[in-house]
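Trainee: Working from the sequences, and respecting the hints, build out all of it.
Taken in order, these protein sequences are the chains called A and B.
Residue numbering for the first sequence follows the numbering used here, starting at 1 and increasing by one per position.
Residue numbering for the second sequence follows the numbering used here, starting at 247 and increasing by one per position.
Derived by calculation from the structure, the hints in this document are not laboratory data.
Even glycine gets a Cβ: it sits at the ideal position worked out from N, Cα and C.
Treat the hints with care, as some may be off.
As the list claims (entries may be wrong) - Taking lysine-lysine pairs in the DSS-like style, the calculated list, with each CA pair at most 27 Å apart, reads:
| # | chain 1 | residue 1 | chain 2 | residue 2 |
| --- | --- | --- | --- | --- |
| 1 | B | K312 | A | K95 |
| 2 | B | K335 | A | K131 |
| 3 | A | K95 | B | K311 |
| 4 | A | K95 | B | K310 |
| 5 | A | K70 | B | K312 |
| 6 | A | K70 | B | K335 |
| 7 | A | K95 | A | K131 |
| 8 | B | K282 | A | K70 |
| 9 | B | K335 | B | K282 |
| 10 | B | K430 | A | K70 |
To be verified - If you want the ones that stay clear, here's a sample from chain B, every Cβ over 10 Å from chain A, calculated:
| # | residue |
| --- | --- |
| 11 | S251 |
| 12 | Q285 |
| 13 | R362 |
| 14 | I372 |
| 15 | P388 |
| 16 | E461 |
Said to hold, decoys possible - If you only want the chain A side, here are some residues facing chain B, beta carbon under 8 Å, derived:
| # | residue |
| --- | --- |
| 17 | L10 |
| 18 | G12 |
| 19 | G55 |
| 20 | D60 |
| 21 | W128 |
| 22 | F135 |
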Amino acid sequence: MTGKSYGTRLPGTPGGPAHGKLIVVEGSDGSGRTTEIELLKEWLEVEGHAVVDTGLRRSDLVSTEIDRAKQGHTLGATTMALLYAVDFADQLENKMIPALSAGSTVLADRYIYTLMARAIARGASRDWARKVYSFALRPDLVVFLDARPEILLHRSIGKYGSLDYWESGMDLSLSRDLFESFFLYQERLSKEFEWMATEYAFHSVDANRVPEQVHTDVQRLVAPLYAIDAGRIRPVKTTRRPVASG
Amino acid sequence: MISESPSPAHGFPGRLLVFEGLDGSGKSTQAALLGKWLQAQGYRVFFTEWNSSDLVSSVIRRGKKKGLLTPTTFSLLHAVDFADRFDRKILPPMRAGYVVVCDRYAYTAFVRDAARGCDPAWVRTIYSFAPRPDRIFYFRVPVGTTLRRKLASRLKINYYEAGMDLGLSDDVEESYRRFQTRLKREYERIAAADEFTIVDATRRVEEIQAALRAEMRPLLENFPTVARLTHDG
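Mentor: Printed below as a string of structure tokens:
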């Protein structure tokens, strides 16, 4: 971990080298991120690495405000995008950087890429979004769990019993029909992730498969970061069915 | 690399007048007087000031207590506040053709965030949704004068206003003086590129107001008053 950002320096944070590794798992809701992160954390800990996991909207600073804004749907697209940026910056500075400095691995359940894709889907320019988040640290690895919209749909229904309002982009008024809105919104997000894939060096993993298979692929990507021998990639057994994984 | 260039002009029918300067430079008094006069002249005027909203104040309180705020989150948090104000308070009257008088605008963030060590070009980008105003009045005043006014007002100097988070000094007054000096340096640094109209704020209130009113003539030439708008139907 070199501690390098995407261009904008963070004032007031120690600039020294961080020893921990930053691994990001990206993908839409229903792509199996949460399951994969659990498996990855377990494996890395068994291998002897300290792991701190972090996700979006879990900071102490503004999570209340974000929840309130989502309930009332009162804030504009730019305002909302910036509120998410506060939350991300808070987690980066108060959680991820200290953990990395202490030599821990940080497993991020989504990162700036989802935040940028959501902001752009709501009208922000690609350029603006990239510059706003240019203070983010460059991860050592970005795993992108790529799943077809139909798969995402079934997993979402399995998880929520229906489709989630926000994950269906209903605030965008793409369609009054939840089902149709879900597809239109996921299509927009996919397009943005495609734009980012090369620029941000995404390692795409076919997430249409069962968690065990996905995990083996992810392990192969992660192993070189720790000089873990390929022979130590262990198949795992999970009781979860693929449709129920989130 | 991000550049530190000014935002483009707006294309709205309204006029955007911005008042900038240090705390205690007299800009709020002058903005209020000018607004009142414009209204008396028959213009539709909308007055708005940028003080911390409930949302930002409560987050800042919480952040301060837990020691969580950093220059970056502090900056982004104010950007949230400004974006919300811009959507609600500035954009609608600008589209409706009002003279919008703003006591502080994005420039306050540019100087404050730069004084806290944020990359000025990054801050500009964040605020790029805010168009260039028609006129920016910068109230130039020595830091010593503003400090005297502040102390005379007996208002407690607040923690962030004094830049206490930067550890410039343990003494509030001394920290305030140093932080305001940094802000002034930033205002002066961007004054030319951002085409500030410099107001010598050490003059008498009446003198300054007369000068501001004189500035309005070219700006509001052919700008409809309420009466004319009504007449034109």
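Trainee: Confirm or reject each hint.
Mentor: Hint check:
1. Between K312(B) and K95(A) the CA atoms are separated by roughly 13 Å; this keeps the pair inside 27 Å, and the hint holds.
2. Distance hint between K335(B) and K131(A) is fulfilled; the C-alpha atoms sit about 26 Å from each other, no more than 27 Å.
3. For the hint pairing K95(A) with K311(B), the CA-to-CA distance comes to about 17 Å; that is within 27 Å, so the pair holds.
4. Using a Cα cut-off of 27 Å, the hinted pair K95(A) and K310(B) holds, with the two alpha carbons roughly 17 Å apart.
5. About 25 Å separates the Cα atoms of K70(A) and K312(B), which keeps this hinted pair within 27 Å; it holds.
6. A threshold of 27 Å between alpha carbons decides the hint, and for K70(A) with K335(B) the separation of about 21 Å falls inside it, so the pair holds.
7. Distance hint between K95(A) and K131(A) is fulfilled; the C-alpha atoms sit about 22 Å from each other, no more than 27 Å.
8. The hinted pair formed by K282(B) and K70(A) fails the criterion: a straight-line CA distance of about 38 Å is larger than 27 Å.
9. Our distance criterion of 27 Å between C-alpha atoms is met by K335(B) and K282(B), whose separation comes to about 18 Å.
10. Between K430(B) and K70(A) the CA atoms are separated by roughly 38 Å; this puts the pair beyond 27 Å, and the hint is violated.
11. At the 10 Å boundary, the C-beta of S251(B) stays outside the reach of chain A, the nearest C-beta of that chain being 13 Å off.
12. The claim that Q285(B) is not at the interface with chain A holds, since no C-beta of that chain comes within 10 Å of its own (minimum 28 Å).
13. Distance check for R362(B) against chain A: the nearest CB is about 7 Å away, which does not clear 10 Å, and the non-interface claim fails.
14. Not every CB of chain A is more than 10 Å from the CB of I372(B) (nearest about 6 Å), against its label as outside the interface.
15. Its beta-carbon lying about 27 Å from the closest one in chain A, P388(B) satisfies the requirement of being farther than 10 Å from that chain.
16. At roughly 31 Å from the closest C-beta of chain A, the C-beta of E461(B) stays outside 10 Å, upholding its exclusion from the interface.
17. Hint status for L10(A) relative to chain B: holds, with the closest Cβ pair at about 6 Å, below 8 Å.
18. Because the beta carbon of G12(A) sits about 5 Å from the nearest beta carbon in chain B, less than 8 Å, this interface hint is met.
19. About 18 Å separates the beta-carbon of G55(A) from the nearest beta-carbon of chain B, more than 8 Å, and the hint is not met.
20. For D60(A), the shortest C-beta to C-beta distance to chain B is roughly 7 Å, which falls under 8 Å, so the interface hint holds.
21. For W128(A), the interface hint holds, since its Cβ comes within 8 Å of a Cβ in chain B; the closest pair sits about 6 Å apart.
22. Contact between F135(A) and chain B, as hinted, is supported at the beta carbon level, the nearest pair being about 6 Å apart and thus within 8 Å.
Violation of the numbered hints given earlier is confined to hints 8, 10, 13, 14, 19; the remaining hints are satisfied by the structure.
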